[in-house]
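Chemist: Residues per chain, in single letters:
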Amino acid sequence: MDHLDQLEAQSIYIFREAFGRLKKIALLWSLGKDSNVMIWLARKAFFGRLPFPALHVDTGKKFPEMYRFRDHYGKEWELDLRVEPCPPIDAVDPTLPPAARSAARKTEGLKMALGKFGFDGLIAGIRRDEEATRAKERVFSPRGLEGNWDVRDQPPEFWDHFNASPPQGAHLRIHPILHWTEADIWAYTKRENIPIIPLYLAKDGKRYRSLGDQDITNPVASTASTIDEILVELEQTKVPERAGRALDHETEDAFERLRVAGYL
Amino acid sequence: MNMIVTPASPATPNGTTRPQVRIVIVGHVDHGKSTLVGRLLHETGSLPDGKLEMLKAVSARRGMPFEWSFLLDALQTERDQGITIDTTQIRFRTNSRDIVLIDAPGHAEFLRNMITGASQADGAVLIIDALEGVRDQTRRHGYLLHLLGVKQVAIVVNKMDRVDFSADRFKEISDEISAHLQGLGVTPTAVIPISARDGDGVAERTDRVGWYKGPTVVEALDRLEPARPLEALALRLPVQAIYKFDDRRIVAGRIESGSLIAGDEIVIMPAGKIARIKTVESWPVTPVAGRQGAGRSVGITLDRELFIERGDIVAHVGSAPSETRRLRARIFWLHDKPLAKGDQLLVRCGPKESRATVVAIEKAVDPGELSSVENKAISRNHVGEIDISLSSPIAADPYTENPRTGRLVIEVSGRIAGGGLVLSVDAGQRAVPVDIVPVESALRPDERSARYRHNGAVVWLTGLPASGKSTLAKALERRLFTNGGSPILLDGDTLRAGLNNDLGFSAADRSENIRRLAEVATHLARNGHIAIVAAVSPAREDRATARRIADTAFREIHVATPAEVCEDRDPKGHYKKARAGALASFTGIGNDYERPEAAELVIDTSARTVADAADEIERMLKTTGVLFDELVDLAANI
Chain P
1 MDHLDQLEAQ SIYIFREAFG RLKKIALLWS LGKDSNVMIW LARKAFFGRL PFPALHVDTG
61 KKFPEMYRFR DHYGKEWELD LRVEPCPPID AVDPTLPPAA RSAARKTEGL KMALGKFGFD
121 GLIAGIRRDE EATRAKERVF SPRGLEGNWD VRDQPPEFWD HFNASPPQGA HLRIHPILHW
181 TEADIWAYTK RENIPIIPLY LAKDGKRYRS LGDQDITNPV ASTASTIDEI LVELEQTKVP
241 ERAGRALDHE TEDAFERLRV AGYL
Chain G
1 MNMIVTPASP ATPNGTTRPQ VRIVIVGHVD HGKSTLVGRL LHETGSLPDG KLEMLKAVSA
61 RRGMPFEWSF LLDALQTERD QGITIDTTQI RFRTNSRDIV LIDAPGHAEF LRNMITGASQ
121 ADGAVLIIDA LEGVRDQTRR HGYLLHLLGV KQVAIVVNKM DRVDFSADRF KEISDEISAH
181 LQGLGVTPTA VIPISARDGD GVAERTDRVG WYKGPTVVEA LDRLEPARPL EALALRLPVQ
241 AIYKFDDRRI VAGRIESGSL IAGDEIVIMP AGKIARIKTV ESWPVTPVAG RQGAGRSVGI
301 TLDRELFIER GDIVAHVGSA PSETRRLRAR IFWLHDKPLA KGDQLLVRCG PKESRATVVA
361 IEKAVDPGEL SSVENKAISR NHVGEIDISL SSPIAADPYT ENPRTGRLVI EVSGRIAGGG
421 LVLSVDAGQR AVPVDIVPVE SALRPDERSA RYRHNGAVVW LTGLPASGKS TLAKALERRL
481 FTNGGSPILL DGDTLRAGLN NDLGFSAADR SENIRRLAEV ATHLARNGHI AIVAAVSPAR
541 EDRATARRIA DTAFREIHVA TPAEVCEDRD PKGHYKKARA GALASFTGIG NDYERPEAAE
601 LVIDTSARTV ADAADEIERM LKTTGVLFDE LVDLAANI
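Those protein sequence lines, which keep their order, are chains P and G.
Mind the numbering: the first sequence is residues 1 to 264 in the UniProt record's numbering, read in order.
Mind the numbering: the second sequence is residues 1 to 638 in the UniProt record's numbering, read in order.
It is worth saying that the hints were derived from the structure and are not from the lab.
Note that beta-carbon positions come from the ideal geometry of N, C-alpha and C, so glycine has one too.
Some hints could be false.
To be verified - Partner residues aside, some chain G positions facing chain P, computed with beta carbon under 7 Å:
no.	residue
1	I115
2	S119
3	A241
4	F245
5	W283
6	V409
7	R415
8	I416
Extracted from the complex, chain P is given alone in its bound form (with noise of 0.2 Å):
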C-alpha cells in the first residue's frame, strides 16, 4: 500500500463511518479539485454510487468554468445535486472585513440549506494543511445550533472513533480529507484520472491554487501547466496555498471569525 492507497482508505472508512451513522447527510460540493476528489472517495466507499445529495451552497460568483463543471459532471456522476443559494450581503454582518463579508454568505446559505433539508450531518472538503484553524479541527466536528463551531470544547477523537451524536437539532460537520495535502490531492487526481476545472492550470504565467468567488479569489503565478507540473511546483514554492484568497488576509483572525461562526 503506497501513501495514496493509505490516504483513500481512510477517506472511505470516514465515508462509511458518516453514512452508517448519521440519519441525513449531504456532501458539500464547492466544484474545487478536493470536492472533486471528495465525491470520487464516496464513490469508491460506496462502489460507483454517492447515496446522498450533493450540495452546492452558490454564491452565484463563482467562475462560468466552475458552473459549466458543475451542470456537466453532475449529470454523468449522476448525483442528486442540490444548488442552494446565498442570502445578499446586506444580510451579513457588517463589521467583517469586505472579502470575509463577501465569503460569510457562504456560511448563511449553508445554514437555510441545514434549515430546509434537516440534515445531520455535512460532508465537508477541508484540509489540515490549508489554513491554521483548520488544523485544529476534528474529524466528525459537532457544530451548534447557529453552526457555530466551539474549538475550545472539542470532543476527544481517537482511534478512529468519532462521535457521531449530534447535539438536538445541530449537525456534525464530517471532514473525509482532512489529513490529506495539496501535494496529495494534486497526485491522487492524476493516478485516478479525476476531471478538474482548467483554471488551475497555468495560463499567461498565472493559475489558480485555490477557486472560491471570482471577486476575492486571485491567481498566483506560475507556470504549471500539467498536474505533473504543478506537483513540481509545490515541492519547491513556500507561498501558502491560499495567498490568493482575499480573505484570509485582511486582518489576523478574519478567517478564524468566519470558521467559528461556521464557515467552512
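Given the structure of chain P, go ahead and fit chain G onto it with the hints provided.
Modeler: Leaving out everything else, chain G in the frame of chain P:
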C-alpha cells in the same frame, strides 16, 4: 497549517517513497513544546516565506518579544491566553523521514486533546523544563503514552540555558524520568539537553552542550521507526456496513490486520458462521484480483447469504478472535463524572457497539502521582483497570495480540468519555468458532404468503405496563387467524418464564431480553408468520435494535394509554407493589419509559374499544404491505 509548504507526500512525480513517521510532543504546560516545534520548523527549513517576518511584526505591534511558539499558537485565543488549547498537525522533513508532528496541549484541562493527538502517533517527544524538573503532568503524559501503546519516546530536557547548561542537573532529571518510564516498561530512545529558544541541541550540538554526546532532536526524530506493519497478524475485518445498492450484497469494512483474497474460507464472529469470500468488490474496476492487506477499506461478497451486522468481525477459520460478554480493560477516563462500579456504559470496539455494565473497578490511579487513589471510582484524567460485562456478545482480542482490535472507547451521552486497551477476554463457553451453517426452510416465503394472504411481519406493541398491549395483541391474533392468517403471540412475560429465564431486570438484561424477542419474532416473520410481540420495551435503543434485526418486516405500535389510566387498571397489581417499594426496576413509576418517535401506529386504549383498535392495526398492516387487500394470484407471478 498554512505554514506547511514542504509537501510530506512521498507520492512525488518521480515516485520516491520516504517513510512517514507521526510523532507527538507532550509535556507539562510551559515546559516549551510550542517553542521547540517553532524552532524545529525553522531549523528544517519548513517555514514559508514571510511567516517569520509576519509574526515578528505582529509581536512588535503588540509590544511583545518574539516567541517561537507564536508560529504554532495560531489561534487568537491561544495567543491571548498564552497556551496551546488543541492538538494540531505540522509536517516537515529530516534527512530520511517525513515527519507528521502532532502538537499536543500540556494543560491538564486539555488532556483529552493530548490523547486525541497521541493516539495517532508512532513515537513521542516528552519535554521537561530543566529548572522545574519532572512534574505531575510529565509523569501523567508518560503514563498515557505507555497506555496508548506509544513505545518510542525521546526525552528532551529544555531550557538548559536557565541552569547554565549544568551536566549535573541534566543527569538528575534524566535519571528520574528514565526510572519513571522504565517502571512502566518504556525505555527512552534518547535523553537530550536543549535550549529550544536558542537552538542548542535541536538541530546542532553547540559548544554550550559540548559535554553531551548523544543525538540532537532532529537526529533522534530521524531514527524513529514507522508503525509496525499489521499484515503479519491474523485477519480482522470489522464490518462497517452491508450495502445492497444493486444485486450485490457487499460486506464493507477496513482490514485492521492480516489480509484476504477471494476464495478464502472465513468465519463471522461472534456468531461463528462460516462462508467463503466470493469476490472483492471495488470501483471503478471490479472485482479486484490479488490479496488485500491491512489498512485497506474493502468490500467483499460471500458465497452464501448470512445474517451479518455492523460490528461483526470477519476472520479466518482457525485464527478467529474470542467471543465474549466479559472484558478486562485498562482505561483512561475523561468525563467529569467519575466512573464507578455498576455504571451503565456504551462500549465501542471498532464498529461494534455494545451496552455494558462496570462489574468491578480493580484499580484507580492518578497517573500524575502514580498512587493508587481508591478502588471505588476512576476520576477525570485518571486511569484504571475495570471489569465490564457486555449486553451482547462481541468478538475481541487482547491488546497484546492485536493492537487494532484490542482497544475500545467508552461513550457517555453520545460523546467519547474514555478509552483503553483490552487486557483480557473471557472466552466463555464458545472459544472455538462453531461451524454454523444456517439451514433454510424448505418452503419459499411466497408459498406461505399465498396460503396466509399476508407477508411475514413483526408487529411490535410497546407501551407502559397495563396499557393494553396483551389485550390488543390477543384480539389481533384472533382476528388474523379468523381470516386465514398465521399470527403467533410472543408475550414478553411469557417468554421470560422460559427462553429468557436467565435474565433479570438490569438495563443490560433488558436489552438482551428484547434482542432475543426480536430474534425469535424475526425468525417467524422470515417464515411467513406474523409475530405479534407484546413487551413494555421501555428503551428506545433496544427497540431500534429490534427494528434493525427485523429490518423491513418491523411494524411498531405505540400503545399510548395515559399513565394514570394504566395505573388505575393495574390488572397484575404491579403498580400497587411498586408504589409500596416492593418492585424494583418497574417501568411506569418514574420516567424510564422512552416513547417511540416514529411508530407506524399510535393507539390510546383509554379512548376506544378493543375491536376498534384492532381494526386500525389491520388497516395499518394493509397500507404497509403486510396484509393483502385483494387475493393476489401469486402463482401467476412465480
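Chemist: Hint by hint, which ones does this structure get wrong, listed from lowest number up?
Modeler: No hint contradicted; all consistent.
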